[in-house]
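S.K.: Given chain A, work out where chain B should sit, using these hints.
What follows is the residue order along each chain.
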Amino acid sequence: MFNSLSERLQDTFAKLGSKGRLTEDDINSAMREVRMALLEADVNYRVVKDFVARCKEKCLTAEVLQSLSPAQNVVRVVLDELTELLGSTESKLVLAQNRTPNVIMLVGLQGSGKTTAAAKLAYLLKGQKHAPLLAACDTHRPAAADQLQTLGGEIGVPVYRGDGKDAVKVARESIQAAVDRMCDIVIVDTAGRLQIDEEMMQEAVAIKEAVRPDQILMVVDAMTGQDIVNVVTEFANRTDFDGVIMSKLDGDARGGGALSVRAVTGKPIKFVSMGEKPDSLEVFHPDRMAKRILGMGDVVSFIEQAQKVADQEQMEAAERMLNEGFTMDDLLAQMQQVRKMGGLTKIIGALPGGERALAQQGGINDEKALKQVESIIQSMTKEERARPKIINGQRRRRIAQGSGHTVQEVNQLIKQYEEIAKMMKSMRGAMKGGNKKASRQMQAMMRQYGGGMGGGMGMPQPRRGRRR
Amino acid sequence: MGFFDSLKRGLSRSREAINEIFYMGGEVDEDWWQDLEDTLVMGDMGGEVALRVVDDLREQAARENLTRAPQIRKALAERLAQEFTAPGRDPFTSLPSCVLFVGINGAGKTTTVGKLAGRAKDDGIRCLIGGADTFRAAAIEQLEVWGQRADVDVVTRSRGADPASVCYDVIDEAERRGSELVLIDTAGRLHTSSDLMRELAKVVNVTRKRCADKYPVSVVLVIDATTGQNGLNQAKEFNDALDLDGLIVTKLDGTAKGGIAIAISSQLGLPIYRIGVGESIDDLQSFDALDFCRALVGEEGK
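Sequence order for the protein chains is A and B.
Heads up: the first sequence is residues 2 to 469, going by the working numbering.
Heads up: the second sequence is residues 320 to 621, going by the working numbering.
Be aware that a few hints might be false.
To be verified - The following label-pair restraints were derived from C-beta to C-beta distances:
hint	chain 1	residue 1	chain 2	residue 2	range
1	A	26	B	370	18 to 24 Å
2	A	403	B	559	28 to 34 Å
3	A	200	B	480	36 to 42 Å
4	B	492	A	177	43 to 49 Å
5	A	130	B	408	54 to 60 Å
6	B	370	A	24	25 to 31 Å
7	B	478	A	170	26 to 32 Å
Unchecked claim - Computed list of lysine-lysine pairs in DSSO-like fashion (alpha-carbon distance at most 27 Å, straight line):
hint	chain 1	residue 1	chain 2	residue 2
8	B	521	A	369
9	A	372	A	416
10	B	528	A	369
11	B	521	A	278
12	A	130	A	278
13	B	555	A	369
14	A	278	B	555
15	B	555	A	372
16	A	127	A	170
17	A	416	A	383
18	A	416	A	426
19	A	372	B	521
20	A	93	A	130
21	A	390	A	416
22	A	372	A	390
23	A	127	A	278
24	A	93	A	127
Just so you know, the hints here were simulated from the structure itself, not pulled from any lab data.
Each residue gets a CB set at the ideal place from its N, CA and C atoms; glycine is no exception.
Chain A with its partners taken away, still in its complex shape:
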């Protein structure tokens, strides 16, 4: 089932590509695959039907059928349609200028991640020079307020708990609490509720009426299946939310639900939540999401992730490497950085065609390969790491024994190190002066080599998508 969406589409389009011109039958068979693949990505059935019909219509225009590269055009049509359906512009949080405090209310099913999202949102707003206050209006789940309190404490945001009994009362009082504490935004965390639980839905409406939120955000689990349509429709009817936070997108769910939400309610996805840390709330980019659903790799997000990981210290290290030469320690640091970014699987998966390559190889055990490099380098002495030239046959044997690997594996690593070092040397001339920009570029190259290294250590290289 893994990545079947990208597999199917690429297979279909590969078939299309093998012929010259396309007929209506060709388009039909491609659309059948698109339909099945979208269903398996959890896009709602009715949305799929509609979507496929629209794509087919566009694909049947003379422009696509008679073009020189019809397969590419079909891909483009599907991607464009998907991007457009997901919302063509980036949507950000809209706050009222003439009201203090602003109020943001979160709603959703049980276990969708509202409390975590509330803390993340507070952290994000705090970073934008706002002073948020968290209001603990989940008075149903045991210890929900404790959870919010702990999270608030971790990110340094005040939490208003009130009596912890009457959610509407806590919400109402939280506004005054915000005024008292000079906070300009109140984030109201509410209890999880089923959309068919009349009593609980009434409570949500009552909270809404009591605090008149400027924004109501619905938190939706990215792994939700077909039922997402029933859920969001009812929530939209009752609370008329303004936008959606998609949670748990750090997993491997394709997030087809995002498409369904947008298609059924017309509400934009505003944020995506990518992990358990407070800084893992990101602005939603429809184009990237479309590519994720289609399995085309999320290169931009990946680069941003890489930039986040690359800190000042590493920039300096890069400059030093340019000036003083590349050591085994540098190689080790690079490998560890690759791990920090989520390992090679994640990196390769973010490249176009990469997911397909991974699936074909039945997945790769990147942790193991990275560990191998790590253990070999760690079995070297300080001197060997700084000046790998001195590593002779005897030392190689010792390193192999010490790290529990064969001499061949050690040789392989040293050979790859030498190639990178040679590369670095030739770059030194090209990037004289070593300004910030240059060192960042270099880091990007280094990273490629980090991945390339692994390729030599018994790991498959990502195969590029056929036509991109």
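M.R.: What follows is chain B alone, placed relative to chain A:
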């Protein structure tokens, strides 16, 4: 309210789509079969299971000369029920027993532990709760509230403690008291996080080792009924890492059909121990495949 009734109540919306199919037209033709397949896919069953079930039904219909939709309804329920793996030993009634609850964030592990403890207490079983979710903020407090409600003691440590050592303590305490049923809650984690999955494998291994022959250990995956096709990935990863014994499906009181449970049970050969069809303690019920499928397709009860 019996199992069948509350299931039917919970699944009533799921049935609507299927009912439509069985009442609409009535005559079975090519389009009807396609509609049936689509309807099953809409229930999160996944293309593979849906296709297999529909193909088998077609054959059966041809063989037994079933030409009208309502005749096929019964066959559908029976055919769907075959997809489920039959449970062997029930870890909540075959005592002594130690059960570890695992799953992704927000699946309903803590609530499930709370409800099962309450049920065990009512049945006069000496039960002990272990709180090995030392990661999520206030997870311990949440479990303690459940413990108080059920009047069952909770053994845990402070936030940030090593979850495997918590399990060790829990079994120590269980042995000391002569507890019959030990329910251990673990922290939710995404199946894609290899570090956290390794941590969990350690927790399970330590518990299995510590329990030895004294408490047979079962590892149960808790899965939210609203989960889509990704649920299969989840179950596969958890099963690969931990060697699961069975499933508990929660939140079936919504409109979700829980079709992913069929896909998981069928593909991984895991039985479903309990299903959650409502908020109260009694709404966590034993699972009967045929009843479940009958309720799903709107067949009348026994």
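S.K.: Please go over all the hints and tell whether each is borne out by the structure.
M.R.: Hint check results:
no.: 1; hint: 26/A x 370/B: 18 to 24 Å; result: holds (22 Å)
no.: 2; hint: 403/A x 559/B: 28 to 34 Å; result: holds (32 Å)
no.: 3; hint: 200/A x 480/B: 36 to 42 Å; result: holds (38 Å)
no.: 4; hint: 492/B x 177/A: 43 to 49 Å; result: holds (46 Å)
no.: 5; hint: 130/A x 408/B: 54 to 60 Å; result: holds (59 Å)
no.: 6; hint: 370/B x 24/A: 25 to 31 Å; result: holds (26 Å)
no.: 7; hint: 478/B x 170/A: 26 to 32 Å; result: holds (29 Å)
no.: 8; hint: 521/B x 369/A; result: holds (18 Å)
no.: 9; hint: 372/A x 416/A; result: holds (18 Å)
no.: 10; hint: 528/B x 369/A; result: holds (26 Å)
no.: 11; hint: 521/B x 278/A; result: holds (23 Å)
no.: 12; hint: 130/A x 278/A; result: holds (20 Å)
no.: 13; hint: 555/B x 369/A; result: holds (20 Å)
no.: 14; hint: 278/A x 555/B; result: holds (25 Å)
no.: 15; hint: 555/B x 372/A; result: holds (25 Å)
no.: 16; hint: 127/A x 170/A; result: holds (25 Å)
no.: 17; hint: 416/A x 383/A; result: holds (19 Å)
no.: 18; hint: 416/A x 426/A; result: holds (15 Å)
no.: 19; hint: 372/A x 521/B; result: holds (19 Å)
no.: 20; hint: 93/A x 130/A; result: holds (16 Å)
no.: 21; hint: 390/A x 416/A; result: holds (11 Å)
no.: 22; hint: 372/A x 390/A; result: holds (23 Å)
no.: 23; hint: 127/A x 278/A; result: holds (15 Å)
no.: 24; hint: 93/A x 127/A; result: holds (16 Å)
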